[in-house]
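Listed below, chain by chain, are the residues.
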Amino acid sequence: MKDLGLYIHIPFCRSKCYYCDFVSFSGKETKIDEYTSFLLKEIELYKDILDEYRLKTIFIGGGTPSYIEGKYIGRILDKIYKSYDAGGLEEVTIEVNPGTLDEEKLKIYREYGINRVSIGVQTLNDNLLKAIGRTHTSLDFYNSLELLRKFGINNINADLIFGLPDQTLEDCEEALEKLAHLEIEHISYYSLILEERTLMDKWYNEGKIELPHEDEERKMYHRGIEILTSRGYSHYEISNFSKKGFECKHNLFYWKLKPYIGLGLAAHSNIHKKRFWNYNNFEDYYNSLKRDSFPIDGNEDIDHKMEMAEYLIMGLRLIEGINKKDFNERFNVDVDSIYKDVLNKYREQGLLYIDDQWIRFTKKGLDLSNIVYVDLLP
Amino acid sequence: MSNIKSSNIRNFSIIAHIDHGKSTLADRLIEKTGLLASRQMQEQVLDSMDLERERGITIKLKNVRLNYKAKDGEEYILNLIDTPGHVDFNYEVSRSLAACEGALLIVDASQGIEAQTLANVYLALEQDLEIIPIINKIDLPSARPEEVKREIEDIIGIEAEDAPLISAKEGLNIDDVLEAIVKKVPAPKGDKNAPLKALIFDSYYDSYKGVVAYIRVFDGVLKPGMQIRMMATNKHYEVTEVGVTTSKQEPVDKLEAGDVGYVIANIKNVKDAQVGDTITDHNNPTAIPLPGYKEVVPMVYCGIYPAEGEDFNTVRDALEKLQVNDASLIFEPETSAALGFGFRCGFLGLLHMEIIQERLEREFDLNIVTTAPSVIYKVKTKSGEELSIQNPTNLPKETEIEYMEEPIVTATIMTPTDYVGAVMELCQNRRGVFINMEYLEETRVNLHYELPLNEVIYDFFDALKSKTRGYASLDYELKGYQQSDLVKLDILINGELVDAFSIIVHREKAYERGRSIAERLKEEIPRHQFAIPIQAVIGSKVIARETVRALRKDVLAKCYGGDITRKKKLLERQKEGKKRMRQIGSVEVPQEAFLAVLKYDDK
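Those protein sequence lines, which keep their order, are chains A and B. In terms of the working numbering, the first sequence is residues 1 to 378. In terms of the working numbering, the second sequence is residues 379 to 981.
What the hints contain is simulated information worked out from the structure, not anything from laboratory work. There could be a bad hint or two in this list.
What the hints assert, rightly or not - Below are the SDA-like pairs computed for lysine to any residue, each with C-alpha atoms no more than 20 angstroms apart in a straight line:
#1 B:K947 - A:I193
#2 B:K931 - A:H222
#3 A:K31 - A:G74
#4 A:K178 - A:Y190
#5 A:K305 - B:A521
Note that the coordinates shown come from a computational prediction; the quantities given were computed from them, not determined experimentally.
Based on the provided sequences and hints, a complete structural model is requested.
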């Protein structure tokens, strides 16, 4: 039996955040019921394909999965447990937004085995929250947190974004200190990247908003690392920090290129050296499933060279880096000789640290990772 | 060659401004005379190079022979000789006009006459050609044929009342054009019993046949087996084939006085069958060659270098292949400290330069870096030496120079009166000297300026177009050399002099150019892990300085939901950009940066 990570996409939100380019819709509440039933159908469809796999993690993301009624989450999980081998399941995460939780939802979450909650805090500055299109306040977060703890959720992640328009270093420091003080088990601290076709990107190009200067933005990042590590968090991935033993197991499937399946609109899968992704609109997604065919929109074959490059690119996101022995065993080659030139070049430039066992980014390398990635691509 | 007597031959060209529909009309004439069924026709048959078609201009002239049964019941042979439509190729135009007795002047029914059209009309009048005005694009709502007719009469002074009103695109009234050719273009004169006299108006290299020369026979007869002599080079060859171009090349027994066709004679290089040269009978030569032969001299030079990872030898092979077909392209190896081994190339003008660059990139799939174009400067040194400098790097030290001279052109700019101010300002900025202004009609003038060629080659044409919303047109010719206060402007990147960026400029312009180049380079050079100073210097004096800030952050957003494909696409885009870089010291400089030196800020 092989281990598998499972991602479930819930493409519904109360409203669209200005920086968001994920496949998610507001004002389509009438579709929730229908969507769930198609999702159940997709789960059923994968039954045979996954019979040699054992679920290790489930991640219900979005969108805002906590925005839809709890019963739908219950139905989805129930179907998963009935369809796949869930005996070895270690982590079941759901993404929630402050202000969307209630006791009824949490009761169902617990009932269906959810043991980890990722909460979209983004910032604790209410003005900033408003400016980026979030519909909750910092108070909503504190209330949600209390509720989660009350229901015994003892593995919580909080998402924070830095580099927001008008955000200051102090904003970031304050939020990090608070979360650390609240003993949140896991903190994701992301750099804002303006994605094409988002409102914020448009405003930025029109000169309507300004972003913190690059040096300031890096300060926010470096300061974040300092604060959290001094508060007992382990900085284990470029943007992720956790208390000991609370690393996100699901994300490790991505970073270590282990097999995962994504179900629902626009979800991505990586299995059997193939990468494929689902339709990103309801119509095509539904129509495929109506015909009992996989709702796959596109795919990419990953050859040996590309797989090695991806393994390095994803794996270098981890602070410990790439374990040479793991790499050599997985690909049956010697990483040092295959990537000799690139590795030497960036070790000399101070972007990579390399010893007998490991290849990892230096502190400078973490800030300039793309330079190395570009050279790793075949 | 056929039983049609020479009184039923008509040799003609088409003169038109870019976009006024020359190629489309040519297509229609070909179609109408039944040479090719319209479904077989590729759009615009005569412009066979992709580049020509894309740019809507004709670069290499060609010819085609049409058979036409006129309304008078007689069979005619119409030889259409196509001409290039750009100022850079003026000489080629004049030679192909010299091969004709008449020319169709196509004028756009809404745009009227433009400077380039006029320049070619003058060339045609010099050759004593019968000019037949044709008003094209009458199907457009903005067409104003009556006004345009008056314009032709007023400006050129030829009768236009009966000018055919056509739409080449729609195929409207094409018969009128054919009839006008038959009626108005004089039949060729010439004596087929006199010694051979034939004009080369184009030549190209065919890898099987060798050089194919397109000719017009003025006197005598040309047939296979004859020994012919090129009067400019005095070399002689044996003719292996003569023929005419229809939908393909068709060999014939002979070409006689009045005929247009081609000749193949085991010639290995187009340089030995140059446009404008006269072919005569080696054993019975004519005493006087046809007038007008001149060797084409390049006006503009630039360095062409292989980009990162491209091989010097492949670039040389490609240039050699292009040269075989283009006698006006010259090149020789040179070395740049920044760019390594490459070539100094000479061109007829800027368009010619751009065309060669694009052909190297497209047809030969080469990655090349081109340096700023330069003209030829004449330098008198204090030791009394006279030098011709085409590469700024070779300029002697300022202290060793007695004086310098630069080439000056006389430019004719035709513009609607609304833009006179803007055009004058532009010319002034480019060190132009105003000569005079003539009114062509109430709303249009011809401005005459003397301009230094080195100002014209930097973006002048584009600036002119953008300042006049595309309405102005430009024609220029070399006037001569003139003393001028010139200096060499160098660019230092990260403390290193990059010779490929060096240019020669007028002293008064140096500060402005230096600043503008430094600013542009700052935009073009990507940020590195370290800060990169960019300096513009004259001698050892820094006149402008910019800094490309060090890169502090270059990261991807989080990889949400395992969507690696998208992240990879972003990285691949970044990688694609890196490929076009040229390593100079520790700095990666993109190809575009080399173009930055070409741009002026006065648009």
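Practice prompt. State the violated hints by number, sorted upward, taking the hints as numbered earlier in the document.
Written response: Those not satisfied come down to hint 5.
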